[in-house]
Amino acid sequence: MVKMVARAHQSPHSNLIKNKGIVNTLFIFCLICIPFSFIITSQAQASEALAVFTLTEDFNKLSKSKVRMLFRGKLKYLQGKKVELSDWPQSNSVRNEFYQELLGKDLAQMNAYWASLSFSGKARPPKEINQDSMEALLLWLSAKRFRIGYAPVSVIPKDANVLYIVQKEDL
Amino acid sequence: MMLKKLIVLLLSSASFYSAATIELTEQLSLSGFGSTSLTQSDNSTPLIINRKITDETCWDCDTTFGIQLDYYNDAFKASAQLVKRPQDQWSEPELEWAYLGYNIGELEIRAGRLRLPVFLASEYYYVGHAYNYARPPVELYNSILGITAYNGVNLVWNTVLFDEYQLSITPFISLSETNTIDATQTLDIELDIDKMSGINLALSGEYYRWNLSYFSADFDQTFKFTNARRGTSYFELSFPNDHIELFSLGAEYEFDALLLTAERQIANLRSTWYASAAYKIDKFVPYVQYGENRAKQTSVSTFADKSGSSLVVGMRYDLLYNVSLNFEWQSFKSFGGQRGSFVETPSPLDPEAKLYTLMLNFVF
Numbered sequence: 001m002v003k004m005v006a007r008a009h010q011s012p013h014s015n016l017i018k019n020k021g022i023v024n025t026l027f028i029f030c031l032i033c034i035p036f037s038f039i040i041t042s043q044a045q046a047s048e049a050l051a052v053f054t055l056t057e058d059f060n061k062l063s064k065s066k067v068r069m070l071f072r073g074k075l076k077y078l079q080g081k082k083v084e085l086s087d088w089p090q091s092n093s094v095r096n097e098f099y100q101e102l103l104g105k106d107l108a109q110m111n112a113y114w115a116s117l118s119f120s121g122k123a124r125p126p127k128e129i130n131q132d133s134m135e136a137l138l139l140w141l142s143a144k145r146f147r148i149g150y151a152p153v154s155v156i157p158k159d160a161n162v163l164y165i166v167q168k169e170d171l
Numbered sequence: 001m002m003l004k005k006l007i008v009l010l011l012s013s014a015s016f017y018s019a020a021t022i023e024l025t026e027q028l029s030l031s032g033f034g035s036t037s038l039t040q041s042d043n044s045t046p047l048i049i050n051r052k053i054t055d056e057t058c059w060d061c062d063t064t065f066g067i068q069l070d071y072y073n074d075a076f077k078a079s080a081q082l083v084k085r086p087q088d089q090w091s092e093p094e095l096e097w098a099y100l101g102y103n104i105g106e107l108e109i110r111a112g113r114l115r116l117p118v119f120l121a122s123e124y125y126y127v128g129h130a131y132n133y134a135r136p137p138v139e140l141y142n143s144i145l146g147i148t149a150y151n152g153v154n155l156v157w158n159t160v161l162f163d164e165y166q167l168s169i170t171p172f173i174s175l176s177e178t179n180t181i182d183a184t185q186t187l188d189i190e191l192d193i194d195k196m197s198g199i200n201l202a203l204s205g206e207y208y209r210w211n212l213s214y215f216s217a218d219f220d221q222t223f224k225f226t227n228a229r230r231g232t233s234y235f236e237l238s239f240p241n242d243h244i245e246l247f248s249l250g251a252e253y254e255f256d257a258l259l260l261t262a263e264r265q266i267a268n269l270r271s272t273w274y275a276s277a278a279y280k281i282d283k284f285v286p287y288v289q290y291g292e293n294r295a296k297q298t299s300v301s302t303f304a305d306k307s308g309s310s311l312v313v314g315m316r317y318d319l320l321y322n323v324s325l326n327f328e329w330q331s332f333k334s335f336g337g338q339r340g341s342f343v344e345t346p347s348p349l350d351p352e353a354k355l356y357t358l359m360l361n362f363v364f
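Taken in order, these protein sequences are the chains called A and B. Under our numbering, think of the first position of the first sequence as 1, with each following residue one higher. Under our numbering, think of the first position of the second sequence as 1, with each following residue one higher.
These are calculated hints, taken from the structure and not from any lab test.
Under the rule of at most 27 angstroms between Cα atoms (straight-line distance), these lysine-lysine pairs were calculated in the DSSO-like manner:
hint, chain 1, residue 1, chain 2, residue 2
1, A, Lys105, B, Lys283
2, B, Lys77, A, Lys76
3, A, Lys122, B, Lys77
4, B, Lys195, B, Lys296
5, A, Lys64, A, Lys122
6, B, Lys84, B, Lys224
Pulled out of the complex, with its shape left as it was, chain A reads as follows (with noise of 0.2 angstroms):
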């Protein structure tokens, strides 16, 4: 599930996390540094649901077609606004999770398909999020309209614009 950490853990890694007692002493210690500060670990498990999000209101709700064509960089506009997709690192078991669910892709097939996007220059692949780390993704997004994010629902923001839902069934 995901983890409140410091940001000064900032790469998380599953063989770092293993050890029980050290996360947990970095867990205590953290909470007490920087307790609204997130990070997103590679351990995250999608059986939570992932949500689809901005932090404007510029977008409705989408249906699940649109966010498969949104993720697969088939729609470059969303109600005619110019988007701007996030992802998280690859090393972020999130970022799997997320497209097995949604497209039955895994990051192989993903980043093979991204690449006849962007080789073509049909379109820019979505940002890669530089940590695993929930405040540089709201950071991220932000700083400009029409971009958008995804990422377990328990960690994103009360006030945040969802717009669709990725659950287990969408695979």
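With chain A held as given, fit chain B onto it using these hints.
Chain B in isolation, oriented as in the chain A frame:
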């Protein structure tokens, strides 16, 4: 030496595991792609134009490396792609595109050097990692005079139909273009394209896409022979005022793990088609493909019949999320004393070839 290069390439590819597109700034990004192979045919006549694969083991017949620089600033975009194509020396890569683009609503106008949008994979022809097979089907993709790019202008209009389909309409025009094909050791074919224009329509749904194109071009063709005859160091044959007119239709459908693709092109010079099927099983993608080309009577040939065919059986393996391998066997046939997919007409006693390929592809 080539083995060392391949090992270095493999190791450097492995280091891409943690790398994606390199974002130099928020607006500027650098990305790249490459392919290299170990390949061999069982026929001494060179196979596949611009690759010239023979019965000698070849480490460098498919080597491709490209880098792309993109600049985005709201409605404005600039992009450049430099590619060492299989036929190029490392010291002489080709500027495959360099254009400026501007968005006005759902319309984008681009000017500069652009990729010719004719077939499904035309615009990423050199990006081996983007398709399942080792090389795009040779019957189709080698059928347009070896042209992949042009200097000119295009318009791209993206629109959504019935809230479900994405339609992209791209008219394009080029004023002049010169291409030289290094056909054999003694023959270069120079194509001076005077006027080229066309239109591409791409329709996408959730799990399919259709591609329809038309283009026409006026061109002069010059066959330049060097040391082809004893006692004659150079001579040339000119075929001016020629014309090509081409229609193509292609479709790609995904049914869960199964990917079906077929394309057909009909032109006044030749007509070709292929069909392929690929099935994803974990990290493996076995695939089959069959293609044919049919020659038509032209200013340089009176032959009008089936001239070649090929069957591909292969396997792609995703080594990493951005590195893939291809293991491929391809059987070529040429008919009627024509070259088919050979670079020059093979011996009538040996008009067939088996081609073996191990290819590595990567993107970053």
